[in-house]
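Asker: So the sequence lines, in the order shown, correspond to chains S and Z.
If you count the first sequence from 1, position 45 lands on 45 in this note's numbering, and the numbers rise without skipping.
If you count the second sequence from 1, position 2 lands on 2 in this note's numbering, and the numbers rise without skipping.
For the record, the hints were derived by calculation from the structure and aren't laboratory data.
All figures in this text were calculated on a predicted structure; none of them were measured in a lab.
Accuracy of the hints is not assured; some may be wrong.
[To be verified] Straight line, CA to CA, 20 Å or less: simulated SDA-like cross-link-like pairs of lysine to any residue:
(1) Z:393 / S:88
(2) Z:398 / S:88
(3) Z:3 / S:121
(4) Z:398 / S:85
(5) Z:398 / S:24
(6) Z:3 / S:127
(7) Z:398 / S:127
[Said to hold, decoys possible] Covered by chain Z, per the in silico footprint, the following chain S stretches (three or more residues, Cβ under 8 Å):
(8) 61 to 67
(9) 100 to 113
[To be verified] Pair by pair, the computed Cβ-Cβ distance ranges are:
(10) Z:404 / S:23: 15 to 25 Å
(11) Z:280 / S:136: 44 to 54 Å
(12) Z:284 / S:72: 36 to 46 Å
(13) Z:377 / S:28: 47 to 57 Å
(14) S:222 / Z:404: 26 to 36 Å
(15) Z:284 / S:130: 38 to 48 Å
(16) S:145 / Z:400: 32 to 42 Å
(17) Z:389 / S:136: 39 to 49 Å
C-beta: ideal position from N, C-alpha, C; glycine also.
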Amino acid sequence: MKNNTLQENKLEANVRCKDVSKIYRQGDIEVHALRRISIEIQDGSFVSLSGPSGSGKTTLLNLIGGLDRPTSGEIYLSNLRIDTLSSSELAQVRLDNIGFIFQAYNLIPVLSARENVEFVMQLQGVNAAERKERAYEILNAVGLNGLENRRPGELSGGQQQRVAVARAIVSNPEIVLADEPTANLDSKTAKNLLEIMLSMCKERKVTFIFSTHDKLVMEYAERLIKLHDGEIVSDE
Amino acid sequence: MLKLAWRNIWRNSRRTILTVLAIAFATSILQFFVSIQLKSYDAATKSAIALTLGQLQVQKKGYLEKPQIRATIEDPLSLESKIKSLDRVEHTSIRSIGFALISSEKRSYGLQVIGIMPEKEKLVSSVSGLIKKGEYLDSTSTNDCVIGEILAKNLKVDIGDEVTILGQGKDGSLAASVATIRGIFDSGTKDFDRVTMFIPYKTFQDVFSMQNSAHSIVVMGMRLKDLEQIQSKIEELLKNETNLVSLRWDQLMPGLKQSIELDMSAGWIFYLTLVLIVTFSIVNTFLMSVLERSREFGIMLAIGARTPRIMGMVVIESILLTLVGIFLGVLIGSGVITYFSIHGFTVPGAEEIAKLWNLPIRIYPELTIRVILTAPLMILTTTFIGVMYPVLKILWLKPLEAMRAT
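Construct all of the structure, not just a fragment, from the sequences and the given hints.
Answerer: Structure follows, in structure tokens:
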């Protein structure tokens, strides 16, 4: 999938949303989470989506990540339209092209830090020796040298989130989507993590898109998109 | 995947241990009961074969349904000799059977008189080893007889006493003789001991005017497994003797086979009930496990895992858990069976049932491949089917909804 979709014939815009709307139905009530959003995000950007709760930032992140489908509009990753793909095709796109970082880390508790990082590569069919080597390398890069064999329960919140970052970028995705990645971290740890992600963004040309309330993340962001009631109110 | 599945099993170790113990308990109990059941059937079959039936008999067609004295095999010695020479046939013997009134000084009873060749009969029947008083017949016996213990009591006779035999010969003449009681046997089967008398074949032939004919040729093969092959060879031998038929033990005594089948059906109902209870326990464990991990499955789906992969992982978990329980159960069950196969055990109050089936009162279960495999295969199969319910729940998981699960 990776070879014949995202990497071939790359467009200038890495992520493109065109008139995207998302309506949730709760009984007879319709909730407009997104209203005709159109944005373009370039390769290697470090972008923050901010706004109050219910503004639609997580919804937009989920749509870009192929975890949900828009009610209307079109979403492209490079030149591939993803909102029309089947569930199975979307799973493949997520596996090959998108890394996820969640607020609650969401590591697999029975696997060690290294095994959590290896899990994505295992899904991709990378052989065991290469998996191990790359996992050690990336864990070292996020500052977890020596903690590779610890399980999530034996790591602090900041360390777990670093494992999550390592898991998100180990397979060299085009885009990393991070939903409130610093929400559970103290400011020092958050800053440290953002430095790591920014260097990954620059070194590996990975696009980072954050959904956040955190001012620190906004300070680091090269581009700040503010949403309110499902609409973009500013894009700086 | 195997490593992940194995670790997942032990996330809730208390629940896993309880489930494993339930599987182990069911496996060992099933093994033990199956071993007793199969051993009982085997013992009942062997006992019936050894006492009177033999593995196979050649008779005149229709004799089994209507045992008339005129329904005979002509020139039985010649036919016996041909059968004896067949491959896999080990022993043969000839019997003549009549019905007569037997009288002692005090009482009279109607019963079946069986004319036997003592030396050959010893090789096809266990009666010679069941003599409780006196001796079995031998080649020198002429006017001697061996009777069952209950018959002896009823006739109020003992070793050395004389009884008169009064019946009808094959030619319609009066069959009358006097026999001296040489031995009294106790087969454990009351009905048999009440109505059976053995006399020497030659004497029977004379008294019942049998001339050169008999009622049955009893055949014993080396192994019971070979019986169908032996039967087909005998049938080939009998292709020109259209009035003769070869009957296996289960055809000679269909009631025994039907009783075994009936008992086995009842046993299977019990076993299936037990297996179903254990399966519900396993299904419950995995249903809980799947529901608890919905969020985690959502994460896996989000990062690109396919649903079949997650379903496969849960199936592997269920198989691993079941295998651990089965392994433990087989160890315990096999140990218990091995112990009792050496030392045996009795079931209080089961003596009457044992006598009815002509079974030993002390039970010695036997550990066979069938005993070892039956319970594990049943439990594995039902578990695999049962666990599909929680596994199929994964099929409907959507990453986003699953990640929101608490």
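Asker: Could one say that the CB atoms of residue 284 of chain Z and residue 130 of chain S fall in the range 38 to 48 Å?
Answerer: Cβ of residue 284 of chain Z to Cβ of residue 130 of chain S: about 41 Å, so the range 38 to 48 Å holds.
Asker: Hey, residue 398 of chain Z versus residue 24 of chain S, does the alpha-carbon distance stay inside 20 Å?
Answerer: With a Cα-Cα distance of about 16 Å, the restraint between residue 398 of chain Z and residue 24 of chain S holds, given a limit of 20 Å.
Asker: Okay, the region 100 to 113 of chain S and chain Z, do three or more residues pass the C-beta test at under 8 Å?
Answerer: holds (count 7)
Asker: Would you say the C-beta atoms of residue 145 of chain S and residue 400 of chain Z sit inside 32 to 42 Å of each other?
Answerer: Holds: the Cβ-Cβ distance is about 34 Å, inside 32 to 42 Å.
Asker: Take the C-alpha atoms of residue 398 of chain Z and residue 85 of chain S, compute the straight-line distance between them, and say whether it is at most 20 Å.
Answerer: Judged against 20 Å, a Cα distance of about 15 Å means the pair holds.
Asker: Regarding the pair residue 398 of chain Z and residue 127 of chain S, is the alpha-carbon distance no greater than 20 Å?
Answerer: violated, 29 Å
Asker: Is residue 3 of chain Z close enough to residue 121 of chain S, meaning Cα to Cα at most 20 Å?
Answerer: Given pair residue 3 of chain Z, residue 121 of chain S holds - Cα atoms ~16 Å apart, limit 20 Å.
Asker: Starting from the range 15 to 25 Å, see whether the pair residue 404 of chain Z and residue 23 of chain S falls in it by beta-carbon distance.
Answerer: About 18 Å separates the Cβ atoms of residue 404 of chain Z and residue 23 of chain S, which means 15 to 25 Å holds.
Asker: State, for the Cβ atoms of residue 284 of chain Z and residue 72 of chain S, whether the hinted interval 36 to 46 Å holds or is violated.
Answerer: Taking Cβ atoms as reference, residue 284 of chain Z and residue 72 of chain S lie about 44 Å apart, which means the hint holds.
Asker: In this structure, is the beta-carbon distance linking residue 222 of chain S and residue 404 of chain Z contained in 26 to 36 Å?
Answerer: At roughly 31 Å between Cβ atoms, residue 404 of chain Z and residue 222 of chain S fall inside 26 to 36 Å, so the hint holds.
Asker: Starting from residue 393 of chain Z, check that the Cα of residue 88 of chain S is at most 20 Å away, please.
Answerer: holds, 17 Å
Asker: Confirm or reject the coverage of the region 61 to 67 of chain S by chain Z under the rule of 3 or more residues with a beta carbon closer than 8 Å to the chain's beta carbons.
Answerer: n = 3 at 8 Å, threshold three: holds.
Against the hints set out earlier in the document, a violation occurs for number 7 only.
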